[in-house]
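A.B. asks: These are the residues of each chain, in order.
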Amino acid sequence: MLEQFTFVGLLFFVAALLGTLPPALAWLLRPKKPHPRKSEPYECGMYPHGEAWVQYKAQYYIFALAFLIFEVEAVFLFPWALIYNWLPLYAVIEGVLFLLLLLGALLYVWRKGALEWV
Amino acid sequence: MDWLTRLLSFLSNAIVNIGAWLQGVLMGWGLPEPTALLVVRAVGALVVGFFPLIVVIFLIWAYRKIAARIQGRLGPNSSGTWAGPWGILQTFADAIKMIVKEDIRPQGIDPIPYNLAPMLVVFASVMLWAVIPFGPGGSLIGADLNIGIFYILAFSSAALFIFLMAGWSSNNKYATVGAFRSVAQLVGYEIPQLLAVLTVVAVAGTMKMQGIVGAQSVIFLVAMPLTAAIFYLASLAEINARPFELLEAESELVSGYFLEYSGMKFGMFYLAEFMNSVAVSAIFTTLFLGGWRGPWVDQAPILGTIWFFIKMGLVILVWMFIQITLPRLRIDQMLSFNWKFLTPLAIINLCVTVLVNKGITEAFPGGAPAWARAAILLTSQVLLALVVWGISALGGQRARRRTWQAAQISELEVAA
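Chains as they are written, first to last, in our numbering: chain S, 2 to 119; chain W, 89 to 504.
For reference, chain W alone in the conformation it holds in the complex:
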């Protein structure tokens, strides 16, 4: 039974142990320790970089299957010949097809930004993964930077420039409109996203991703549901997902900023879109669902990674359901929702949460218990949500009455 316990203890922290084993092997070959460590880190970077790619290849298949099931269709089940059971290899077939497609460039494009944009869009969405904590401790996160969440905001707002490059350089009217819309949408929804992140940073007291996970002995989705909702809605707009996919808008702009891309270049925009949605799910999991926290993580750190993936999978499912079932907003609705609702709400939410949280700290001189803090924050957030709901319901009623009165008056005029 000795080997069994050794195997179990190896498996209980498998990823860290594999890293240590690899380092041991390299040092056995006579490499000095810093070089061995660098090689281990390079392998880690390869794993972290290729991980979203692998996930996305199966996610695209799963998305198409689930969308088909919800919409009463079959979905991919064979690609002419055979694509594995349930068409699971469909994405590989698509990728091969895209790679051997001819590259069609329209006349009059601006070649440098046109060719650079698809490369940069994948680059930026891979870079996000450096600070996502996959498990407890310092070795299951690429780099626990002290500016963690700020780093993510920096790389996710790079998308704006890339969309602008792609749309403007394509020499196409639809693409130009898509690029303009990207300015209005991505720039606008960055504000509520930023303010929601600020709320989390203030309550957690750190920008380190591991620190934010560590601060969630009661997960922030329970303590601050309103903040979570603001963050998720703004993130959906930032990654150009369904209720806010005005940059693509298949039925009006054909496909917006990447209309003129074909073959693998189109494939890279498609890939990056899915990679970003996985990244947003991972960030939401870390900020609001407690990341890798869960039962028995202390005994077996590998469980933390499993909890993380289960939570992330659930958030991805929510994203899928929103994608499959919701229609797209109109551009004026999208802008009004952001500037007249989400941004003021996010500012007030930040003010209230910060004051309430400080009040709790002042009221409990010996340090407030985590559940009490969470309960008071939850109460304040629910009250704020109720007040906002009441105000917007009143405003809506008044607006409806005004349009009704206007209709009455014009009817009278017609009668006169």
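Just chain S, same shape as in the assembly:
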């Protein structure tokens, strides 16, 4: 196990190298001719209008909330799926019931209209 994570650690350094090398190279080679017109945020050639960091649709928040239900479920389901072959039948059915409950939660969210894009 330690041997395998040694490889992951080594790859960590290679990946960090691959991530930092091109920007470092570009930093050495690129020209630097700043101009205030260049550094305006892009807005189809017009002067930027208003703030970019705005409060956006609350809809995204509801989807993120619905996602949370399912992401927590994954914590329980991965161990269950892993030892599933050695489980007795009733334990498998229990897992399926858990999944069906989740499906019920999804249907409830759907019925409440939280999945509509307004």
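Source of the hints: derived by calculation from the structure; they are not laboratory data.
It cannot be assumed that every hint is accurate.
[Stated by the list, open to error] Cross-link-like lysine-lysine pairs, in silico, DSS-like; alpha carbons within 27 Å at most:
| hint | chain 1 | residue 1 | chain 2 | residue 2 |
| --- | --- | --- | --- | --- |
| 1 | S | K39 | W | K185 |
| 2 | S | K113 | W | K428 |
| 3 | S | K33 | W | K185 |
[Claimed, not checked] Label-pair distances were calculated between CB atoms; the ranges are:
| hint | chain 1 | residue 1 | chain 2 | residue 2 | range |
| --- | --- | --- | --- | --- | --- |
| 4 | S | S40 | W | G172 | 32 to 42 Å |
| 5 | W | Q159 | S | K34 | 34 to 44 Å |
| 6 | W | V470 | S | G114 | 25 to 35 Å |
| 7 | W | A481 | S | L102 | 21 to 31 Å |
| 8 | W | G112 | S | W28 | 52 to 62 Å |
| 9 | W | N165 | S | L22 | 48 to 58 Å |
| 10 | S | L29 | W | T123 | 32 to 42 Å |
| 11 | S | A106 | W | T123 | 46 to 56 Å |
| 12 | S | S40 | W | V188 | 15 to 25 Å |
| 13 | S | F99 | W | T123 | 47 to 57 Å |
| 14 | W | T123 | S | W54 | 49 to 59 Å |
[Unchecked claim] Some but not every residue of chain S turned toward chain W, in silico, with C-beta under 8 Å:
| hint | residue |
| --- | --- |
| 15 | L66 |
| 16 | L102 |
| 17 | L107 |
| 18 | L116 |
Think of the CB as a built atom: it goes at the ideal place given N, C-alpha and C, for glycine as much as any other residue.
Starting from the known structure of chain S, fit chain W onto it as the hints suggest.
C.D. replies: Relative to the frame of chain S, chain W by itself:
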């Protein structure tokens, strides 16, 4: 002929033998064994890390050529002067150009996340390759972790934070919208992807990548086509590929979350996008196409690596055709497809597959033959797909009738 047989036996397991030879050379220099092993592993990590980069450099060229051929254009054939036969060096020319481009930063950015995001996006897509099995045995995979597929899910969902960092820190409205969309899309499609992976883990009985390959004496694409389809569609959305590329959406958001990046920083997002698509192809190959399995792998393990690359190449071609030919969905269609179709389908698919598979195990006390298990699983998946198709066809008919009736009523009102 003695050297010929020795050469053949060396070549038949070339990668492992080169590793052993390197270790022998290092120990000949007087290095202790653990140090020599560490150096060999470091070389392996370099190969695994640079492999996707090399593949992607040629993949970008191939993608542009194939896209041009499908769309009746020429594609890259020269870059002003000369870029090799058929423009094969075009990507190198582009890379050099990007490196010497001026770095333009918009005013009012948040500098730390802005500069960190392009580095992290490449970092995360390289880290994925640690657990991809390139061939049989323990030495042709970076690390056969016992959490293999979970490790991949962990690193691929890191993309969400990186897109959010890039989009939010850019101080640009288009980029902000791209970042918001990344939350809605990447987060949502993670669920069907996860549930499809769970189905595979349950049937294979392990999360080790080599174990999943080992469990596929009948490949899982044949045994569980519906699961494969769910996984592939969700993965396409996760890597922000064409029918689901709402984060970029060139024609509406210009290029979404990485709009304000120029030069090499833009290049790194572009690179990571291709690297992720190669990674998804490799993961699909491992989970559903039997990875390195194929004829004569027992005699010559190097063939396993070749089979793996052939299968991966085919999956990459499928990805390319989807990219080149399909239009982009609208955001409400993308969300509805996930939450109202793919996620319920993935849950029901997991339930049915798990129950059927357990039923097979109970019905054959001496252990079911692999072909029988695959045939029964295939039947259940096809039946499930037919039922779902029937229900959605009925639902669509009813919805069409309702809109037709509404149109009739409004027509009557206009007439009255």
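A.B. asks: Hint check: K33 (chain S) vs K185 (chain W), CA-CA at most 27 Å. Holds or violated?
C.D. replies: Roughly 15 Å between the alpha carbons, so the hint for K33 (chain S) and K185 (chain W) holds.
A.B. asks: Confirm or reject the claim that L29 (chain S) and T123 (chain W) have a C-beta distance inside 32 to 42 Å.
C.D. replies: Distance hint for L29 (chain S), T123 (chain W) holds at roughly 33 Å.
A.B. asks: Confirm or reject the claim that F99 (chain S) and T123 (chain W) have a C-beta distance inside 47 to 57 Å.
C.D. replies: 49 Å, holds
A.B. asks: Do the numbers back the hint for L66 (chain S), that is, is its least Cβ distance to chain W under 8 Å?
C.D. replies: 10 Å, violated
A.B. asks: How about L102 (chain S): closest beta carbon in chain W under 8 Å, or not?
C.D. replies: L102 (chain S) check fails; min Cβ-Cβ to chain W is 10 Å, beyond 8 Å.
A.B. asks: Take the C-beta atom of V470 (chain W) and the C-beta atom of G114 (chain S), compute their distance, and say whether it sits inside 25 to 35 Å.
C.D. replies: 34 Å, holds
A.B. asks: For the range 15 to 25 Å, tell me whether the beta carbons of S40 (chain S) and V188 (chain W) fit it or not.
C.D. replies: Cβ of S40 (chain S) to Cβ of V188 (chain W): about 19 Å, so the range 15 to 25 Å holds.
A.B. asks: Using the beta carbons of T123 (chain W) and W54 (chain S), state whether their distance is inside 49 to 59 Å or not.
C.D. replies: 51 Å, holds
A.B. asks: With respect to the beta-carbon atoms only, verify the hint that A481 (chain W) and L102 (chain S) lie 21 to 31 Å apart.
C.D. replies: With Cβ atoms ~28 Å apart, the hint holds.
A.B. asks: Are K39 (chain S) and K185 (chain W) close enough, with their CA atoms no more than 27 Å apart?
C.D. replies: Measuring from Cα to Cα gives roughly 19 Å; hence the hint holds.
A.B. asks: Verify the CB-CB distance for Q159 (chain W) and K34 (chain S) against the hinted window 34 to 44 Å.
C.D. replies: With Cβ atoms ~37 Å apart, the hint holds.
A.B. asks: Does the CB of L107 (chain S) sit less than 8 Å away from some CB of chain W?
C.D. replies: Constraint on L107 (chain S) satisfied, holds at 6 Å.
Checked against the numbered hints given earlier, this structure breaks hints 8, 9, 15, 16; the rest are met.
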